[in-house]
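Asker: Place chain B on chain A using the hints.
Number of protein chains: 2
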Amino acid sequence: MTEKAPWITYRPELKVLDCTIRDGGLINKHQLSDDLVSATYHACIAAGIDYMEIGYKNSPRLFSPDEFGPWRHCNEEDMRRIVGEHDPEATGLKLTAMADATKSDWQKQIGPADESVLSMIRVAFYAHQVSEAAEMIQHAHEMGYETCANLMAVSNFSESEIDTVLATVRDTPAQIMVIVDSFGHLYREQIDALYTKYTQALEGTGKEIGLHMHNNLQLAFANTIEGIILGANRADATVFGLGRGAGNCPMELLLGFLRNPKFKLRPIIKLIQDYIAPLREQIEWGPLVPYNLTGQMNLHPRNAIEWREGDEKDDFVAFFDKVVADV
Amino acid sequence: MTEKAPWITYRPELKVLDCTIRDGGLINKHQLSDDLVSATYHACIAAGIDYMEIGYKNSPRLFSPDEFGPWRHCNEEDMRRIVGEHDPEATGLKLTAMADATKSDWQKQIGPADESVLSMIRVAFYAHQVSEAAEMIQHAHEMGYETCANLMAVSNFSESEIDTVLATVRDTPAQIMVIVDSFGHLYREQIDALYTKYTQALEGTGKEIGLHMHNNLQLAFANTIEGIILGANRADATVFGLGRGAGNCPMELLLGFLRNPKFKLRPIIKLIQDYIAPLREQIEWGPLVPYNLTGQMNLHPRNAIEWREGDEKDDFVAFFDKVVADV
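Here the protein sequences line up with chains A and B, keeping their order.
Under this note's numbering, residues 796 to 1122 are what the first sequence spells out, in order.
Under this note's numbering, residues 796 to 1122 are what the second sequence spells out, in order.
No lab work stands behind these hints, which were simulated from the structure alone.
Identical chains blur together in the list; that is why a pair holds if it fits in one copy or across any two.
Dumping the calculated SDA-like pairs for lysine to any residue here, alpha-carbon to alpha-carbon at most 25 Å:
| # | residue 1 | residue 2 |
| --- | --- | --- |
| 1 | K1108 | R1061 |
| 2 | K992 | E1003 |
| 3 | K1059 | Q1091 |
| 4 | K810 | K992 |
| 5 | K810 | L1025 |
| 6 | K810 | Y982 |
| 7 | K824 | D1109 |
| 8 | K889 | E937 |
| 9 | K824 | K903 |
Okay, chain A solo, but in the shape it has when bound (with noise of 0.2 Å):
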């Protein structure tokens, strides 16, 4: 087995990680059923994924749960009431949640590990935030967790802006480091030109590379197969693609891709038939046209989203003269 795995053979060492009900949350303020958040469980579980990101450690004062479903706060007894215990080593699954930089009461809300179904922390950043972020690391790490640094929307910083990012997460504990095209901008030659950069920073630390993409531009799998042919080892996808605006990398398709027997795509199959296809009818999410547009032009896709919840959604003209107009 090489470092990197010539075609049909593969890499034992890289570890996909479902985010389904995290970032697939996010649309509806993650008022996903209970029943939902199971099935993509059993589901991750059969289809022999590694992680599964079930929801956000965020602050109950800034995201009333009267507002925001259980899967913004990922309470123990939440998640318990769909896990039970969780045994990692029985299930081949490890539970993850992810922590954002200011929206987190983290002190109170990341408590020891030993007495969590998680077994890994994500604590997303942008630039600024990188001195909460890594003292949430640090947390995370002493009460027990794996650790994972999550610089969110990196095409929208420059490159001495995520050098000291990844100067600064190189001291931490974190064991990985994820690329993260939260607008969806990213080509594939930007992806390679950051892989590279994240290597070289975090070189002889024996931290990973991770990916995180969206596919405002059809460019999430891409993006994510470019990543593991460089080398980086921990991939994020949604079932589906599910996600807020565009979406991210569709798990079926990452699966048919990898090459470890270990996954089995018919489980993901079976969810999107059961579950995910028919929350289409509820919620919207995809490469639609007014994702395209912000992706192209490297904004937020809060736009977009607006837009197509307004009365004039099919009007892409309109919104291509819009975002052009405003930028």
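Answerer: Below, chain B without anything else, positioned relative to chain A:
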């Protein structure tokens, strides 16, 4: 300007071909309205697109005009009803039609270029049909057309078959040889290998490499970008990805990627809004789950197309079990 343009500059040699009508027409036997074809023609001109493929030159004996629309035959009077005398110089747009080996009465159907609104004939063929394809290319060349060789379903042929095809095409007057991923099966590393094979086989002839990708794995745009990065100077796309089965590389994504200021996106967005998105209420295309699966399995999409026309069209698990069991 370097041969492989660095980011944000462009190669003026790179030419874009719209095959919305030709490939999209395969969904409904080319029963596309004059109004739609005319709107596409005018959008191509306004968008600065280099070539528009208006349909097939296929035999009326094999494809009865009672059953198939005019864009299956591309008779001169039908084309002129839309484009008038068509001036390639004044409009910046050349028109092309595709002729299939074994399906065209090419000696009769392809007359002198100076009596036609067409500037180019693209010859489509499978590997075993390469001898007839070479004769067709020679004939079209002698009639005064630009010519192009499209080996279809390249993922379905062995390397030695492809080598034989390339050696044959090398000696024809075809100006372009297109990498055609009819099954939507190819990943980036396979695009790289084919690009290398095609360029080496055609070295010194001045022939250009073209790209025609299908979207089964949501990789049509990514693979087109990949070929362009490698140096291919001809790229096919269709508006809104319209095309049989999973559809094609979306023109709106390709134009957003290209940096040549002659390309304008707005006319394409307007065509989507006014004509192509509304078509979705009548005919289906796009990277749906059954097409994901045939793409992964390197199968012709016909099984998936039939499945989507049946009563169990949304039973993805049953299709999965059928496709896996069939192989």
